[in-house]
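Here the sequence shown is numbered in this note's numbering, starting from 1 and rising by one per residue.
Calculated directly from the structure, the hints in this document are not laboratory data. Please read these numbers as outputs of a predicted model, since none were measured by experiment. Note that beta-carbon positions come from the ideal geometry of N, C-alpha and C, so glycine has one too. Heads up, a few of these hints could be off.
Straight-line distance between alpha carbons at most 30 Å, and here's what the computed DSS-like set of lysine-lysine pairs gives [what the hints assert, rightly or not]:
1) Lys55 x Lys45
2) Lys62 x Lys48
3) Lys78 x Lys62
4) Lys31 x Lys48
5) Lys94 x Lys78
6) Lys31 x Lys20
7) Lys31 x Lys4
8) Lys55 x Lys4
9) Lys62 x Lys45
10) Lys4 x Lys48
11) Lys4 x Lys20
12) Lys4 x Lys26
Derived Cβ-Cβ restraints for the label pairs, each shown as a range [said to hold, decoys possible]:
13) Glu35 x Arg68: 47 to 53 Å
14) Glu24 x Gln64: 49 to 55 Å
15) Ile18 x Glu58: 36 to 42 Å
16) Glu82 x Glu51: 34 to 40 Å
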Amino acid sequence: MSTKRINITIPEENLDQINKFCTEEKINKSKLIREATAQYIASLKELKEEEQRRKNIERAIKIQDRIRAKSKNFPSGKSAVEEIREWRDRNLKKK
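Produce the entire structure from the sequences given, and follow the hints as far as they go.
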């Protein structure tokens with residue numbers, strides 16, 4: 001992996017915390033920054049994926065609700081679940 005040198009600006013208080021942490025953990029600042037940014041980016045990606053999953057679930061629930069509302073009153077007056085159960089039972093008896 002190739003590396004590039006960059007300059008960043010951070011508050012002095014943050015730098016003091018970084019220096020203290022690096023001394024305690026015996027790692028250099030570059031390694032800390034690399035690992036911290038990698039974890040930060042991964043966590044943001046995970047949050048976005050979770051948000052997308054949540055939206056997909058909400059969309060699926062709305063679709064199910066629409067289907068349920070449309071299929072509420074069959075000509076027989078039975079619910080969709082009752083109709084499916086009867087259909088299943090009829091077909092199982094045929095076998």
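Hints broken by the structure, by number, lowest first?
-> 8
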